[in-house]
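Peer 1: Listed below, chain by chain, are the residues.
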Amino acid sequence: MAALLEIRDLEVDLFTRRGVLRAIDRFSLTVQHGETLGLVGESGCGKSMTSLAIMGLLPVPPAKITGGAILLEGRDLTKLSDSKMQAVRGREVGIIFQDPMSSLNPVYTVGDQLVEAIRCHFKLDRRAAAKRALDLLDRVHIPDARRRLDAYPHELSGGMNQRVVIAMAIACEPKLLIADEPTTALDVTIQAQIIELLKEIQRESRMGMVFITHDLGVIADVADRVTVMYAGKKAEEAPVDVLFDDPRHPYTRGLIGATPKPGDERRHRLVEIPGTVPGLASRPKGCAFANRCPLVFERCHVEAPALVHQAEGHAAACFLADQMEDCDVASVGA
Amino acid sequence: MKRSIVRRLFQIISLIIGVIVMNFTLIQMAPGSLLDIMTSEQQVTDPATLEHLRHLYGLDQSPLVQLLRYTWSVFTFDLGYSYRQNAPVFDIIMAQLPSTLLLMLTSLGVAVTLGMIAGVVASVKVNKVWDVVISLAAVFFFAAPTFWLGIMLIIFFAVQLDWLPVGGMTTIGEQFGPVGHVIDVLRHLILPALSLGLFYAAIYTRVMRASMLEVFSLDFVRTARAKGLSKTRVILAHVFRNALLPVVTLLGLQLGTVLGGSVVIEAVFSWPGIGSLMLDSVMSRNYPVVLGVFVLSAVVVAIANLLVDLAYYRLDPRIRSR
Chain A
1 MAALLEIRDL
11 EVDLFTRRGV
21 LRAIDRFSLT
31 VQHGETLGLV
41 GESGCGKSMT
51 SLAIMGLLPV
61 PPAKITGGAI
71 LLEGRDLTKL
81 SDSKMQAVRG
91 REVGIIFQDP
101 MSSLNPVYTV
111 GDQLVEAIRC
121 HFKLDRRAAA
131 KRALDLLDRV
141 HIPDARRRLD
151 AYPHELSGGM
161 NQRVVIAMAI
171 ACEPKLLIAD
181 EPTTALDVTI
191 QAQIIELLKE
201 IQRESRMGMV
211 FITHDLGVIA
221 DVADRVTVMY
231 AGKKAEEAPV
241 DVLFDDPRHP
251 YTRGLIGATP
261 KPGDERRHRL
271 VEIPGTVPGL
281 ASRPKGCAFA
291 NRCPLVFERC
301 HVEAPALVHQ
311 AEGHAAACFL
321 ADQMEDCDVA
331 SVGA
Chain B
335 MKRSIVRRLF
345 QIISLIIGVI
355 VMNFTLIQMA
365 PGSLLDIMTS
375 EQQVTDPATL
385 EHLRHLYGLD
395 QSPLVQLLRY
405 TWSVFTFDLG
415 YSYRQNAPVF
425 DIIMAQLPST
435 LLLMLTSLGV
445 AVTLGMIAGV
455 VASVKVNKVW
465 DVVISLAAVF
475 FFAAPTFWLG
485 IMLIIFFAVQ
495 LDWLPVGGMT
505 TIGEQFGPVG
515 HVIDVLRHLI
525 LPALSLGLFY
535 AAIYTRVMRA
545 SMLEVFSLDF
555 VRTARAKGLS
565 KTRVILAHVF
575 RNALLPVVTL
585 LGLQLGTVLG
595 GSVVIEAVFS
605 WPGIGSLMLD
615 SVMSRNYPVV
625 LGVFVLSAVV
635 VAIANLLVDL
645 AYYRLDPRIR
655 SR
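Chains as they are written, first to last, in our numbering: chain A, 1 to 334; chain B, 335 to 656.
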């Protein structure tokens with residue numbers, strides 16, 4: 001059986017006045033049915049661009065898919081017509097965006113927006129759709145759901161709104177759910193609740209999920225496998241425990257080193273990765289991470305490293321990936 | 335809600351009193367008293383008649399007493415008496431009001447409809463040919479003086495093509511049945527309504543376009559697309575609905591200028607409305623009428639603002655819950 005989602009060598013270019021900039025460069029990932037894939041990376045590395053590309057919602061212009069394929073159960077979404085893609089959105093792929101307060105239309109009630117999402121794909125009359133909307137609010141554990149149906153988004157808290165957004169994303173039982181930094185805009189306590197909710201829904205419905213975040217702590221909690229993205233490319237991919245035990249890319253090591261670990265008695269300082277992701281216009285010729293990498297050597301500046309297969313499902317795009325075992329994670333970047 | 339309505343009523347009354355005081359004072363300060371103006375044309379010199387007139391119009395009292403009496407009478411719908419038309423000012427204004435309302439509301443109707451459609455199209459086709467064409471047209475009609483546009487329309491449609499009448503509100507010397515009369519007035523209405531309407535439409539187009547573009551970039555639009563809604567549905571149900579608020583504000587402001595906004599166009603098209611009345615009254619220094627029109631304008635502005643607030647209340651739930 002075909003994978004639920006397979007992105008193959010995706011290329012997204014931005015057509016700007018300063019020329020064509022490559023935002024996503026030969027990026028691939030796979031999500032199996034019922035699996036959660038964590039997609040990690042800093043701001044500006046192309047995570048959200050990837051999720052928009054899957055939804056067919058890239059801002060065109062300036063962005064355009066110039067190569068590769070996005071296969072949903074073997075069907076290439078990049079080749080679908082507008083109307084066919086419309087039938088995929090919401091029905092086969094649902095998405096949750098970052099900021100719940102601005103993701104909902106301020107002039108319609110929560111119920112109206114849910115009903116709209118349901119009736120968009122299901123032939124239901126208003127009453128049946130409203131009943132389903134109520135069930136959905138119950139499912140995302142919104143207390144006093146009947147009353148909330150008539151509430152406007154500004155009358156609910158951020159956490160509540162994110163629950164509504166989640167209810168909307170799963171309203172038509174999609175096979176794939178994309179959660180694009182769903183907890184970034186929320187308080188820490190609410191974050192945990194939303195993550196629990198997403199895990200619960202995923203468990204019950206056996207959807208595949210792409211969980212996008214820059215927070216490795218969250219990834220450790222939700223993901224089965226992880227893809228680390230850097231400057232529009234895949235830096236490393238591995239099953240989640242392998243990634244944390246045996247990271248092979250210096251960038252992954254840097255990310256792990258920069259993540260606080262609860263219960264860590266030693267209280268060593270968090271190690272930051274120096275510098276920032278290079279801008280689209282100034283992507284270097286060689287490895288994009290070279291200017292920030294503690295292990296950089298001449299070859300890195302000349303040639304971009306290909307993915308090096310490490311073990312079953314584990315690969316890293318670094319010339320030194322094979323020699324990384326002995327390195328202490330925390331020492332990288334120090 | 336109840337409290338805010340009471341507050342608004344209080345504001346309206348204060349506004350009207352303010353307008354009365356200011357304009358009354360201004361007219362008091364103008365050279366020449368009402369009596370001079372009244373009598374000079376008729377060459378009245380008889381002291382007894384002068385004294386009688388002075389007493390009749392209350393000019394023998396101090397300006398403050400006159401102001402207080404006038405203010406009080408306004409609230410009883412008495413706007414004074416016009417010696418020129420020999421009729422109460424209220425009646426004179428009311429006689430002219432329907433034609434101005436007809437002209438202005440038609441123009442605004444044309445403007446809002448045209449402007450919103452053009453604005454939506456321009457925003458959807460942003461930076462494409464249609465957007466450029468619409469935006470250029472908007473700049474043109476906004477920049478062109480309305481009287482010039484009116485004259486051009488007259489030259490083209492009334493003189494050259496002879497399709498429509500040159501001016502006035504009815505064809506003089508013709509007898510029509512009721513239906514024929516309506517058609518006749520509509521034929522006279524087209525050109526002035528168009529000259530004013532195109533000017534206002536230009537503003538609505540710009541505001542609508544900008545407002546739509548702003549809403550387009552908001553997150554919930556992306557969410558709506560992600561649900562699987564069609565582009566058309568997203569534009570109409572989500573973007574347009576939110577982009578409407580600035581347009582309503584603008585409409586409120588312009589409803590307020592309904593009485594004053596048509597002075598020039600009424601003059602160009604000899605339209606018998608408040609604008610023409612205003613112009614005549616200023617020219618002949620017919621102060622009671624001038625003052626009456628000002629007061630009425632203030633009332634219209636206040637009512638228009640009230641209507642806008644009510645519209646906001648309906649359109650934006652965030653205001654409702656405040």
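Calculated from the structure, these hints are not laboratory results. Any given hint might turn out to be false.
Unchecked claim - Footprint (simulated), chain B over chain A, 3 or more residues, beta carbon under 8 angstroms: (1) 95 to 103; (2) 111 to 121; (3) 138 to 144.
Just so you know, these numbers come straight off a predicted model, no measurement behind them. All residues carry an ideal CB built from backbone N, CA and C; glycine is no exception.
Peer 1: Between the region 95 to 103 of chain A and chain B, see if three or more residues pass the 8 angstroms beta-carbon test, and mark the coverage as holds or violated.
Peer 2: holds (count 5)
Peer 1: Three residues or more, CB to CB closer than 8 angstroms: is that satisfied between the region 111 to 121 of chain A and chain B?
Peer 2: holds (count 4)
Peer 1: Cut-off 8 angstroms, C-beta pairs, minimum 3 residues; does the coverage of the region 138 to 144 of chain A by chain B stand?
Peer 2: That given contact is violated, which follows from only 0 residues of the region 138 to 144 of chain A lying within Cβ reach (below 8 angstroms) of chain B.
In summary, the one numbered hint that this structure violates is 3.
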